[in-house]
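Trainee: Chain residues, written in single-letter form:
Number of protein chains: 2
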Amino acid sequence: MVGGGQLARMTHEAGIPLGIRFKLLSDTPKDSAALVAGDVVVGDYRDLDTLRDFARGCDVIAFDHEHVPVEHLRALEAAGVPVRPGPAALLHAHDKGVMRERLTELGVPCPRHRIVADPADVTRFAREGAGFPVILKTVRGGYDGKGVWVVRDEAGAAEPFRAGVPVLAEEKVDFRRELAANVVRSPSGQAVAYPVVESIQVNGVCDTVIAPAPDLSPALALAAQELALKVAKELDVVGHLAVELFETTDGRILVNELAMRPHNSGHWTQDGAVTSQFANHVRAVLDLPLGDPRPRAKWTVMSNVLGGDYPDMYQAYLHCMARDPGLKIHMYGKDVKPGRKVGHVNTYGDDLADVRERARHAADYLRGTITE
Amino acid sequence: MVGGGQLARMTHEAGIPLGIRFKLLSDTPKDSAALVAGDVVVGDYRDLDTLRDFARGCDVIAFDHEHVPVEHLRALEAAGVPVRPGPAALLHAHDKGVMRERLTELGVPCPRHRIVADPADVTRFAREGAGFPVILKTVRGGYDGKGVWVVRDEAGAAEPFRAGVPVLAEEKVDFRRELAANVVRSPSGQAVAYPVVESIQVNGVCDTVIAPAPDLSPALALAAQELALKVAKELDVVGHLAVELFETTDGRILVNELAMRPHNSGHWTQDGAVTSQFANHVRAVLDLPLGDPRPRAKWTVMSNVLGGDYPDMYQAYLHCMARDPGLKIHMYGKDVKPGRKVGHVNTYGDDLADVRERARHAADYLRGTITE
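Sequences listed follow chains C and R, in order.
For what it's worth, my numbering labels the leading residue of the first sequence as 99, then goes sequentially.
For what it's worth, my numbering labels the leading residue of the second sequence as 99, then goes sequentially.
This is chain C alone, in the form it adopts within the complex (with noise of 0.2 Å):
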């Protein structure tokens, strides 16, 4: 796996079991991945010959980011190296106006869109129908709410282009919350589709995420995992495919981002699902039967953990332990900085209002926002 990241920490542990011989390029070697792999290489990433080097001995190569250029994907997929999912999917992922693009042929619902050229051009985009406020995004390298703009004139919309990367423009849309709708695919082409969820978001970042989503209506969940196994078999993704979705005020769902590789939105799996996303990705880029995708529990909560004020969290673990003896920890061996993702509780039960406020609690408790 490329990239030492907390996913490809949690994907390695859930190999584990399969006796998976997991192999790690990590930027450095304290990368949260790195500490706890046996078999890492450090390197960069963006370096075709380390690619090349590393990928030597290895059955297949998959990713814990979506930041590899996508011209070494494809160098190494002409030498003969699997590469999964494959560059000619993954470039829908590295670029958002390619995945605008494609969706729309394809007749996935979407926001209004289009590339913008300069300010000027984004009061043209607003004044053909989205109307302002703008959303405007860089169509590579953003994540977590970077590389993402509200414009609401013109004015505003100058900093976008500053970057020199091609300038998406969508329509803000009306919506009622987010959802995503999670599937896994094989090369062989089986795919699996998760319960899809509730995603709540705060300053831009996943805060919580509750599995069901709970009020959704059967036919739009329906609707929402067919338009991810759609998108998984037409883009021909391997492993793991979050669709994060608006649902609209106006009762419809449309593609707000795709990431194909395991995903925040899954994480409750670990705990809540009979196969977790990291189980699944791995059985899928190895190309075997894919795992039991169904809830373990009613409902499940996952909620982030960003770093605090606690460098040191074994105080916070003796009381977020003790008082709730089923709450999953799962943290990822980084410092702590402020904002951080640092980690990710799970909670499961039969009555979401305690389900949530378990993982509220322990959230903020180990970042260290109440101390009660």
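Honestly, the hints are just simulated from the structure, not real lab data.
Note that the structure is a prediction, hence the values are computed from the model and not measured.
Be aware that one or more of the hints could be misleading.
Said to hold, decoys possible - Computed beta-carbon distance windows for the label pairs: (1) R:D390 / C:P436: 26 to 34 Å; (2) C:D145 / R:D142: 46 to 54 Å; (3) C:V140 / R:H165: 31 to 39 Å; (4) C:V303 / R:R150: 39 to 47 Å; (5) R:R350 / C:T467: 49 to 57 Å; (6) R:H165 / C:L320: 50 to 58 Å; (7) R:T467 / C:L416: 46 to 54 Å; (8) R:G287 / C:P436: 36 to 44 Å; (9) R:R150 / C:R144: 40 to 48 Å.
Stated by the list, open to error - Stretch by stretch, here's where chain C covers chain R in the computed footprint (C-beta under 8 Å, at least three residues): (10) 118-132; (11) 382-395; (12) 417-423.
Unchecked claim - With a Cα cut of at most 16 Å, we get these calculated EDC-like pairs of lysine to aspartate or glutamate: (13) R:K435 / R:D407; (14) R:K439 / R:D410; (15) C:K128 / R:D137; (16) R:K244 / R:E164; (17) C:K121 / R:D137; (18) C:K439 / C:D462; (19) R:K121 / C:D462; (20) R:K121 / R:D151; (21) R:K128 / C:D137; (22) C:K270 / C:E355; (23) C:K328 / C:E355; (24) R:K435 / R:D410.
Glycine is no exception: its CB is placed at the ideal position from the N, C-alpha and C atoms.
Could you slot chain R onto chain C? The hints should help.
Mentor: Just chain R now, kept in the frame of chain C:
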């Protein structure tokens, strides 16, 4: 953790979500746990200097097996290293003679037993009431049926005395089945009890574990849990304690063996309990509050996978995973040798016959006993 076997491997796996920095002392770099852990020291656990060097920078030392000499553990403890469980407790897992003596003092029911000096003394032991056949065990070094003999008369009792290790004689108990009562205890005295399980042995090796033990009377289940909690407390065990029990044909329970570490009879907890034995062992040795030991399914069955004819199990994975998407495979990364424990499978569900059949089929298929 000292020892690089599968118990260390699965303990590392369980420690990853807690952000534990896991350091391993392994006999070789190819041991089961050494293949998947990041911080591996290769060395001989029988050498005190190696242990002292290894212990530097460890907050606590725990164990994959019972083979570290007790005098080394005492030396480490005297040097201020937290050894968990400590040598005073571990002595009872190292030496079956000491264990029997102590349990008898505590009033814990055991088979008739005493240390015997020679074959003639075995006959005297039999005549004191146990009768032939008599079970002879070397007090140290046995596992999985090794170091255990069933002798029918004095003439057959010579071999156990040849090793020069004291020999314990025990009556051959007329038992209905074998049970295991697994508990976890922390240094501060918190303890949790898992449901009592039935353990089915084949050729002296654990084959299948059923959780909870079917048709076990609630009174006997409670007695078994109380017995295990008492033993853990009185022997000052820290971490997981497995108490292997005989359920006699006349409805009593007698202690067979003790193990003070995660144990084969607790592997079902990885997929069948809220908190696995490995996660609770980690929590206990770090003196963190313990997790909920309750089952997540009506029935969970574990079957061991023994080495068979397949050096490469990929083809067997294709069949087993396709046949049963809910199957949980746990392989240890070991080279396959006939009869060696190389992994286990867990299955769970509401119908015990079905859950058993799924585990049986998968274990047999992975071994190569069946190929349809």
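Trainee: Each of the hints needs a verdict: does it hold here or not?
Mentor: Hint check:
1. Checked against the hint of 26 to 34 Å, the pair D390 of chain R and P436 of chain C passes, with Cβ atoms roughly 32 Å apart.
2. For D145 of chain C and D142 of chain R, the hinted distance range of 46 to 54 Å is not satisfied, since their beta carbons lie about 40 Å from each other.
3. In this structure the hint that V140 of chain C and H165 of chain R lie 31 to 39 Å apart at CB holds, the actual value being about 35 Å.
4. The hint said 39 to 47 Å for the Cβ distance between V303 of chain C and R150 of chain R, and at roughly 46 Å that hint holds.
5. A beta carbon spacing of about 54 Å between R350 of chain R and T467 of chain C agrees with the range 49 to 57 Å that was offered as a hint.
6. Taking the beta carbon of each, H165 of chain R and L320 of chain C are about 56 Å apart, inside 50 to 58 Å as hinted.
7. Checked against the hint of 46 to 54 Å, the pair T467 of chain R and L416 of chain C passes, with Cβ atoms roughly 48 Å apart.
8. One distance hint, 36 to 44 Å for the beta-carbon pair G287 of chain R and P436 of chain C, holds here, with the actual separation near 37 Å.
9. Look at R150 of chain R against R144 of chain C: about 44 Å separates their beta carbons, and that is inside 40 to 48 Å.
10. Restraint check on the region 118-132 of chain R versus chain C: 3 residues with Cβ-Cβ distances below 8 Å, three needed, restraint holds.
11. Against chain C, the region 382-395 of chain R contributes 6 residues with a C-beta closer than 8 Å to a partner C-beta. That satisfies the three-residue criterion, and the hint holds.
12. Closer than 8 Å: that is the beta-carbon criterion, and the region 417-423 of chain R has 3 residues meeting it against chain C, so the requirement of 3 holds.
13. Distance hint between K435 of chain R and D407 of chain R is fulfilled; the C-alpha atoms sit about 8 Å from each other, no more than 16 Å.
14. Distance restraint check for K439 of chain R and D410 of chain R: the Cα-Cα separation of roughly 15 Å lies within the 16 Å cut-off, and the hinted pair is therefore satisfied.
15. Taken as a hint, the K128 of chain C and D137 of chain R pair is honoured in the structure, with Cα atoms around 12 Å apart against an allowance of 16 Å.
16. A hinted pair counts as satisfied when its Cα atoms are at most 16 Å apart, and K244 of chain R with E164 of chain R qualifies at roughly 14 Å.
17. Taking the CA atoms of K121 of chain C and D137 of chain R, the gap is near 15 Å; set against the 16 Å cutoff, the hint holds.
18. For the hint linking K439 of chain C to D462 of chain C, the alpha-carbon distance of about 13 Å falls within 16 Å, and the restraint holds.
19. The hinted pair formed by K121 of chain R and D462 of chain C fails the criterion: a straight-line CA distance of about 30 Å is larger than 16 Å.
20. Between the alpha carbons of K121 of chain R and D151 of chain R the distance comes to roughly 12 Å, so the proposed pair stays at or under 16 Å and holds.
21. This hinted pair checks out: K128 of chain R and D137 of chain C have alpha carbons roughly 12 Å apart, not beyond 16 Å.
22. For a cut-off of 16 Å, the pair hint linking K270 of chain C to E355 of chain C stands: about 14 Å separates their Cα positions.
23. Distance check on the hinted pair: K328 of chain C and E355 of chain C sit about 15 Å apart at the alpha-carbon level, within 16 Å; holds.
24. At most 16 Å may separate the alpha-carbon atoms for a hinted pair to count; K435 of chain R and D410 of chain R meet this at roughly 12 Å.
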